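Peer 1: Listed below, chain by chain, are the residues.
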Amino acid sequence: MSESLASEPKGHIEVSNFSLSYDSIEGPVQAVTDTQIHVKPGEFVSIVGPSGCGKSTLLNAVAGFLKPTTGISTVDGERVSGPSAERGMVFQQYSLFPWKTVRENVEFGLKMRGMPRSQRERAARTLLGLAGLEAFEKHYPEKLSGGMKQRVGIVRALATGPKVLLLDEPFGALDAQTRVIMQQILTNMWQRLKISVLFVTHDIDEAIFLSDRVYCMTARPGSIKAEIPIPLERPRQQAMMMSSEFLALRRGLMSLIREESLKAMGGEINDMGMQGLNIELHGHSLADVI
Amino acid sequence: MSSPAILRHPEDSMPAIAEAGPVPAATPPATPPSFGTLALRWYRLNQGRLRATAIGIISLLAFLLVWHLLTSYRVVFFVRFTNVPSPLAVYASFTKAIHDPKFLMHIVLSCRRIFIGFSLAAIVGVPLGLIMGRFKLVHEIIFPVAEVLRPIPAIAWVPMAIMLWPTNEQSIVFITFLGSFFPILVNTLHGMSLVDPVLVRAAQCLGARERSIFREVYFPASLPHIFTGLTIGMGVAWVSLIAAEMISGQYGIGYFTWEAYSLVQYADIALGMIAIGVLGLGSSLLIRGAGHLVMPWRSTR
Ligand SMILES: Nc1ncnc2c1ncn2[C@@H]1O[C@H](COP(=O)(O)OP(=O)(O)O)[C@@H](O)[C@H]1O
Ligand SMILES: [Mg+2]
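Top line first, the protein sequences correspond to chains A and B. For the first sequence, this note's numbering assigns the number 49 to the initial residue and increments by one for each residue that follows. For the second sequence, this note's numbering assigns the number 89 to the initial residue and increments by one for each residue that follows.
Keep in mind that the hints were calculated from the coordinates and are not lab data. What you are looking at is a predicted structure, and each value in this text was computed from that prediction instead of being measured. C-beta atoms are modelled at their ideal positions from N, C-alpha and C, and glycine is treated no differently. Where hints are given, some of them may not hold.
FRET-style restraints, in silico, Cβ to Cβ [claimed, not checked]:
no.	chain 1	residue 1	chain 2	residue 2	range
1	A	Q286	B	P285	28 to 38 Å
2	A	G130	B	S372	36 to 46 Å
3	B	L208	A	Q84	57 to 67 Å
4	B	S300	A	Q286	19 to 29 Å
5	A	K88	B	P285	29 to 39 Å
6	A	P89	B	E298	29 to 39 Å
7	B	E228	A	T117	20 to 30 Å
8	B	T255	A	S129	54 to 64 Å
Using the sequences and the hints given, assemble the complete structure.
Peer 2: Okay, here's the thing in structure tokens:
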């Protein structure tokens, strides 16, 4: 743990000429096509895009769960050929082992690595303490709130000291307040551990607030439509989300996404529909933006 | 975010709530509550359960009373209660039977057959189900055979079992085995098919290999269904055992019940039936208890 805290940033992700199609009865489904992305060591990068555009597909390929149809992905120059503890992953559905206590969940990666019991217990306690979860180490996941479950999920993924952390809409199932807290926690862990993060979300505010850079994907077959650097200062505070700089970035990303969402929905939406969509996308702060 | 507790944001209310949680409980009233208050509180907490117990007892007593009346008046109304023993007669034969080593031997033998047959079924059925669930080829080879044999009731195996096995004892155990084997196998398979693939992925990207995934994910994830299979299997094991004992046995509680009929000892028929019911209930309670032990994460609900 202390080792990874002190070390230099690591985890250079490089995805080049990437495309992936699924086999189905109606023939191959092109999910992602002609995509290049990279994450520099220690960088926080988000991928946003309309639902079904291939974000999860791309992330799962980087994790090693899916083989690309063309192209390769590498981490620190090493080709990704299967899942590995070097690439930690956090899933939207929490995916904690229900039969293991919170601490046993966190210990899992260390156990797989063959670390002796007492040592991994100590490591897991330390990590849980950092996430404010020490009081819950003996609880089974079922009893935890969504936010706590996802904190355990993040701590579990970080316990083995991975080079990169991949997150697939990790806060999508959480309520707005909890989500804000989780974003802060994730930022803090990332800054402390100096690892690279590839973060998939459909929440534009979340992407801007968290990231150094945001990739915006096109509707299916997904490819990179735009790459937007986020020059906002760190540390970032909630209040920043009302700043003109933030809102300008938001407006830009929003219009990119809107185009793609419309395409994804078949493009047959009239002005009335546009307005309905508008309101939904802008959420509560519609008035602030216009 | 320059505070030393770097992972704890001031807005992070969840740990705060958790720390605040025990506080009200940790400030008890200055004087310990009187016995009366405690009793009242206990009563309020357990009201639902007390009610259920009370109603349960009343309903059982009512059942005994109706039984008593039907038999003492020898009611004939579609069914004939003329020869049915009364509860008191059954109780009398029960007090006699518990001092009779022969009766105890019948019970012990039946329990032994259940134990051996059911254990064999679990020892073969659970691992086979796990392996079939994990390896497609094994599934493809074994499943068709299992599907053909499964609908045959264990009792239908009695003549075949007698031909197959040299002793009666072995064929009865074999029938008990068959009865519990298929429910156990099918439920284990079902549990394997429901394992959440996201959990497998989670384990993989934490560095787990095939064997660890099997042990740490597939097996515990299937346990609830395995125990469903064991519970059903235990029920069918008793059904099969009693039938086999009645047909081909020389000992055992099923044989005892059948023999009582042939010897015109009607009270013993009811005694045998009640003994079978109690043994069946006891063995399914044992399995449920084992389930709680093996799956602590489910019993804390
Ligand atoms: N196993 C699969 N078989 C066929 N098509 C799939 C499969 N998984 C995903 N897809 C399709 O690929 C596209 C991209 O999916 P996904 O990566 O999950 O999108 P996102 O995460 O951006 O919502 C979707 O249109 C989806 O329908
Ligand atoms: Mg997705």
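Peer 1: Okay, B:L208 versus A:Q84 on CB: inside 57 to 67 Å?
Peer 2: holds (60 Å)
Peer 1: Does the Cβ-Cβ separation between B:E228 and A:T117 fall within 20 to 30 Å?
Peer 2: holds (29 Å)
Peer 1: Could one say that the CB atoms of B:S300 and A:Q286 fall in the range 19 to 29 Å?
Peer 2: Check failed, 41 Å falls outside 19 to 29 Å.
Peer 1: For the range 29 to 39 Å, tell me whether the beta carbons of A:P89 and B:E298 fit it or not.
Peer 2: holds (32 Å)
Peer 1: Starting from the range 28 to 38 Å, see whether the pair A:Q286 and B:P285 falls in it by beta-carbon distance.
Peer 2: This hint holds: roughly 36 Å between Cβ atoms.
Peer 1: Taking the Cβ atom of A:K88 and the Cβ atom of B:P285, is their distance within the range 29 to 39 Å?
Peer 2: Between A:K88 and B:P285, where Cβ atoms are some 32 Å apart, the hint holds.
Peer 1: Is it true that the C-beta distance of B:T255 to A:S129 lies inside 54 to 64 Å, as the hint says?
Peer 2: Once the Cβ atoms are compared, 58 Å apart, the range 54 to 64 Å for A:S129 and B:T255 holds.
Peer 1: Evaluate the given range 36 to 46 Å for the C-beta pair formed by A:G130 and B:S372.
Peer 2: Since the Cβ atoms of A:G130 and B:S372 sit about 44 Å apart, the hinted range of 36 to 46 Å holds.
When held up to the earlier numbered hints, the structure conflicts with hint 4 and nothing else.
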